[in-house]
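8 protein chains.
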Amino acid sequence: MSSAHEVEFDKDRHARIGLAEAVFCTGKSTAQIAHILDEAAANKRTLLLTRLDEAGFAVLPGHHADALDYHALSRTAVFGEQVPTKGASRVAVVMAGTSDAGPGYEAARTLAFSGESCELVFDVGVAGLWRLLDKVDRLREMSVLIAVAGMDAALVSVLGGLVPGVVVAVPTSTGYGVANEGETALRASLTSCSPGIVTVNIDNGYGAACAALRILRAIDAR
Amino acid sequence: MSSAHEVEFDKDRHARIGLAEAVFCTGKSTAQIAHILDEAAANKRTLLLTRLDEAGFAVLPGHHADALDYHALSRTAVFGEQVPTKGASRVAVVMAGTSDAGPGYEAARTLAFSGESCELVFDVGVAGLWRLLDKVDRLREMSVLIAVAGMDAALVSVLGGLVPGVVVAVPTSTGYGVANEGETALRASLTSCSPGIVTVNIDNGYGAACAALRILRAIDAR
Amino acid sequence: MSSAHEVEFDKDRHARIGLAEAVFCTGKSTAQIAHILDEAAANKRTLLLTRLDEAGFAVLPGHHADALDYHALSRTAVFGEQVPTKGASRVAVVMAGTSDAGPGYEAARTLAFSGESCELVFDVGVAGLWRLLDKVDRLREMSVLIAVAGMDAALVSVLGGLVPGVVVAVPTSTGYGVANEGETALRASLTSCSPGIVTVNIDNGYGAACAALRILRAIDAR
Amino acid sequence: MSSAHEVEFDKDRHARIGLAEAVFCTGKSTAQIAHILDEAAANKRTLLLTRLDEAGFAVLPGHHADALDYHALSRTAVFGEQVPTKGASRVAVVMAGTSDAGPGYEAARTLAFSGESCELVFDVGVAGLWRLLDKVDRLREMSVLIAVAGMDAALVSVLGGLVPGVVVAVPTSTGYGVANEGETALRASLTSCSPGIVTVNIDNGYGAACAALRILRAIDAR
Amino acid sequence: MSSAHEVEFDKDRHARIGLAEAVFCTGKSTAQIAHILDEAAANKRTLLLTRLDEAGFAVLPGHHADALDYHALSRTAVFGEQVPTKGASRVAVVMAGTSDAGPGYEAARTLAFSGESCELVFDVGVAGLWRLLDKVDRLREMSVLIAVAGMDAALVSVLGGLVPGVVVAVPTSTGYGVANEGETALRASLTSCSPGIVTVNIDNGYGAACAALRILRAIDAR
Amino acid sequence: MSSAHEVEFDKDRHARIGLAEAVFCTGKSTAQIAHILDEAAANKRTLLLTRLDEAGFAVLPGHHADALDYHALSRTAVFGEQVPTKGASRVAVVMAGTSDAGPGYEAARTLAFSGESCELVFDVGVAGLWRLLDKVDRLREMSVLIAVAGMDAALVSVLGGLVPGVVVAVPTSTGYGVANEGETALRASLTSCSPGIVTVNIDNGYGAACAALRILRAIDAR
Amino acid sequence: MSSAHEVEFDKDRHARIGLAEAVFCTGKSTAQIAHILDEAAANKRTLLLTRLDEAGFAVLPGHHADALDYHALSRTAVFGEQVPTKGASRVAVVMAGTSDAGPGYEAARTLAFSGESCELVFDVGVAGLWRLLDKVDRLREMSVLIAVAGMDAALVSVLGGLVPGVVVAVPTSTGYGVANEGETALRASLTSCSPGIVTVNIDNGYGAACAALRILRAIDAR
Amino acid sequence: MSSAHEVEFDKDRHARIGLAEAVFCTGKSTAQIAHILDEAAANKRTLLLTRLDEAGFAVLPGHHADALDYHALSRTAVFGEQVPTKGASRVAVVMAGTSDAGPGYEAARTLAFSGESCELVFDVGVAGLWRLLDKVDRLREMSVLIAVAGMDAALVSVLGGLVPGVVVAVPTSTGYGVANEGETALRASLTSCSPGIVTVNIDNGYGAACAALRILRAIDAR
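Chains as they are written, first to last, in our numbering: chain E, 6 to 227; chain F, 6 to 227; chain S, 6 to 227; chain P, 6 to 227; chain G, 6 to 227; chain W, 6 to 227; chain V, 6 to 227; chain X, 6 to 227.
Calculated from the structure, these hints are not laboratory results.
A quick note: this is a predicted structure, and the numbers were derived from the prediction, not measured.
No residue lacks a Cβ here, since even glycine has one placed at the ideal position from N, Cα and C.
A portion of the hints provided could be inaccurate.
As the list claims (entries may be wrong) - One side only, chain S facing chain X, incomplete, derived with CB under 10 Å:
hint, residue
1, 18
2, 155
3, 191
Using the sequences and the hints, build the whole thing.
See below:
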């Protein structure tokens, strides 16, 4: 029962939908990840790895680990030479609290991997509303706002009522008790009283960045 | 199998905990409610009826209906002479949307029944943040703020970050889909990023008012 | 306890975020809706009403009903003269089954109310995959694809893997048993194996259209 | 991608709402906590740290650990000189079982940090009702009663029916099976048959204490 | 596709487990119920019908309705001559509130159908604890206590800590919001802090009575 | 906004997967159903309609209703001439209780529509185990057993341990309280202690029959 | 903040309800357990400890561990001299699978601690029905049957239909996926198609034994 | 309290239902597994062990481990000589992603243990639809298709619309957030828009293979 063909890349994905395939590392063995990196090296491909936690990174063979640009908090790694980001930021990643930084950086790193820069805005939870209001003028200039927030996710609604850009909510698993691993933040985002908010899976900074890229591509196509 | 004794009033409740017993009408038959009113009349007691919807009110015997001060939107009725409210309002009932008015009025009517006035603040959902910010100075003077909001209940957190008073959240069943009959608003209130928020059951304006009364009694006792 | 001020419009919403305020009719009384229409008439405003079901429409005073452009299946009504839609469609509303037409039309009517046309694509559920594949070339030209699907919502993922545009999933409450009033379609959309899909609340065609409008505004701003 | 600005304190919180900002340690790295303590030292600020478990405390740099007044069971630590508590206790922390002591102590330590003393009442679960009834006279004198209970949380309702003070329920994650990590205790508290009970998140002794502080401030303001 | 054999009685149930088969009427058509009654008449059997609501009773053919001893609140009907109850009551049906009377009467009627009397104790919810404490001495003499309570079901735990008899909890669907159609009362009963409490399905007075009958049969067998 | 093309039949479904497309009537308007029947008449197609309840059938235009072979309990209707069933039954539809007859008949009617007969076995719930054991020899001869059961669905496991045929569980929404509209029966079927049981959606007799047809086609193909 | 009084025994529990207080060890520190054992030794009390897992037992001080009769699979320990069991077994503990042995032994050890013997019946899941049917005659003689089963818990219903004794279901957390940590077994037990089944919390062998003891005491009292 | 008889094999299972009993290792101690292997050796039986993870395998006594054909990814082991597989594959195991390989191999190994070969098809998730469409012709020849997919499980519906064979869905616990440990994939499979799909428990490759074996036996019996 050989496993030689357990992986089949979706090779034309970029041509088809404008996004490169990323390697989701949860549930993949070290051998499988090493094999993927070998193949990428052989084909001179650049790769984004997501959900590669520190323990998983630590057990990679040394030459593989050395070849990666690894970022622990976001659990992302980039293999191969990255394209430089171009132009001014059109996306802001807006985070409610320090604990939301992981998914926020995951979004930022995904954007950078595709050549898009972004602005990172930390710790603007609505319990101290002035922190957000101070930055509204700048945020109103952005095409896309990735709003990263856990627990009650109130930041999402407040932000959505203040800016005209596309607000993509990333509910996070921050909190305890009825925060329920992000389920409450997710449901609060989906029932936001501000119109036109869209939402991705809990802690899915990667997905929010992909949505932002689809939007930027639509802008660039016009 | 006679039901003569299906009801036993908790007669010393007011002496014990400072709150009068109210009659929760859901699930009670017209005959049972009429019987309770007869007994109250015989004993010259004043009564607050909650969750008496328009259909239930319409089928009450005429002399009973006539004896009630009925308010449809809040589904409350008062039997007997009400005490006048005293002094300045120490409680504000702050509502996110028009659909939250039902539980908001239920709170206000419960307070009035116990001789406390309140201020009603309508339609200050955070999607249009300026509506709330315009009123913050007045709200900061209140001892208790009953925050009535459904869906994402973001109003609760924003308010809690702006005022020093006690914020009692009343999640409401407004909305559809993942608003989930108020469950999302409840969970968002319980995980509010603002500290010291307390919460009551969904649509429970009566309970929030009782909590406010306990607080006002504690204030008055000092 | 007068209710004269139960409604406060968010008057500068369009200037602030580019979207007009809509009137969500669920939970509003006939009198309240009539009052809102009177005020709109007095101020010569154009209004979109959502979630106005046939029973609610039928009991409106005749002159109010006559003044509305009502569409039963989408439960929407437009008051006042509508702007004509401009240019070619940049949005497609793609529906899995006939039962998904309600939220689909709600999205289409919201877009039209804001002057944007769209293409309606019916009954392309993946059980008969050829129906979707036949239309892929046209769909690949769209900036935004509103994917309306209930039950397993498999259409969302298949579509997301075929087109480069922004895919906004509208899970619907179609189905029975574990379809669970749309919850399964919602969760399937949020965990789509296609990257960059975004999601709105169950049956929320209005919200998906508002998101599309934010995207089109971002495109137009460049 | 520097993280120099991942933390922004809500510096005027105490002036605004009467409560100092606490540091929620779950999900923060050792480096981040150390950085916060350094900054507090530089600014001569006093700090309350919550949810700092023993493992997290053990890996703090020695001089930081030495500077903390750490309490393992409540997972709290105080940095800097604490204000002495003033006057007689106006708050009782009433716990159903020994396993509820953690959140109970968290409440007590939060109160002490703000200069308020409290009475701790242990192991008065209603399975042995006499234990609570023995203490009712004393409990009736309190302004606020923080009721800490897991599983069926029956203590909350019984207490609420016996005392006039404000009852703040802290459901706990004690128990197994359908206790469901505190969800059952939470729901039982929210549907208490005693009127005017308010509830905070599961195991949230800190939040209950903040609510008590808001109440005490309202009392002191009159 | 004839349905002549849609019903097959479990004829030897009484001999096998000591309980007669009852007819659960929810979901049965008028014709099916009429057919069952005809067959019972032909075979001179006595029958207990449960969950026969007033609407269902009203549409039964007149001679069938006349042959039934119908009790609306409990939704039960008895067909045929009932055995007289024997001896002193060994079971108490203890109800928290007036709204719990339906399932309480269902239990009482099921017991009576099998020849067992019981005592009905109404409105002893723990919010007014004195009502229950007044009756403890009598309740301590009972072999079985059927505790009928909704919402927080705190009565179940308090009772279980006061009496040595077998406590069978019947959670009820009384309440709203997080009472969640009886789910909270069920979970609170199952996690009661009093030892040896057993629980049946929500509103299942019939099942609690059957359990009591199994217990009484075990007593009688010794 | 014309709806002329709201329906697109999956015309080659039978050739592709061996099953005819059925018309799921829930959520379709009378006009839509009438339109579908007209089209079927024009094309001389035979149609199976599912989930057409009595109210929906009653409002169909007379000539359409007359053209249907309608069966109320199963909510199914057949349009056009049905093929005769062929050969001996290879499928048994085994029902736990009388209330499970609806989905059971739906399965039987779907099989008949495709030319397959089946045996109907009623009221063999395991509370009276002898009823099932009496029929085991016959059931062991069947290729497929559609097990229709609600509440605890214990019939599914017992049957699965007694027969070699393929057991397809149809959990039903029979019952109340924690039966939870069929969710408990579904989960019990999915965790059956008997190996090789497969499950379909709650009340989905149609789906179970389609699965049986796939199996019979696989048998016939060999 | 001393914790000298964190524990208060319910000293008269046995006199009040016929059951000794047990020590639930989950969430108690080694020091607390040691302290309790010291106190029991000083007062010559006998104690039952539950939920003391192997890790917790291993870290107890040696003289305390030596003084305990520890049983790993059931996680129970007895301190002090046990009473001998008396007479013939009136209780059977009937287990569906090997994995259900833990809660089964917990029930048996609790009964033995109170002087009652029981019969243990292993591995009689209904997938192999003959294993249970072989033992029915013996089981029909028992006053109480504690039915321990996970996943679909079909054993509970089958047993309940075969014996006249009191059936106390102990749902177990055996299984994976939708077995959902015992929740499915719990719900299946509560909706059993056999009448008069009662249920305790998931894995709660101790509670089932306490219920059995209440029943045996009721029998002995007659 | 001896545990000599904790295990009773269902010895005639194969004769009764055509499937051998497997040993489910979760929750069994090393000693119990060793005991079962000893007994199998003594009786010259062949055994399939499921859910034996690497940690559990590592602590088995050496001679037992050596006697097993162990496969880590599927967590299965075979004891004794395996029958050779016979003839051409009639089953395909179709997996959406690399992370679904575990349950896929479990199904394949179960089939092989019973003498049936299968084809393994990896990484054909619908985000890259061409991967599946390339293989449809071959898949249409199969009697049974075991579709293994997590998250949105869209593969199940697409496959079900393309092939006439019996589709058995194995939802997997792949993913995070609202993937909810496989619950979303399960619900999506159960509400598939393709007709005649059947489903087993989450990650239950063994169960799907048993269902396939029942189907193959039914085919072989004709």
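Of the numbered hints stated earlier in the document, which are not met by this structure? Of the numbered hints, just 1 does not hold.
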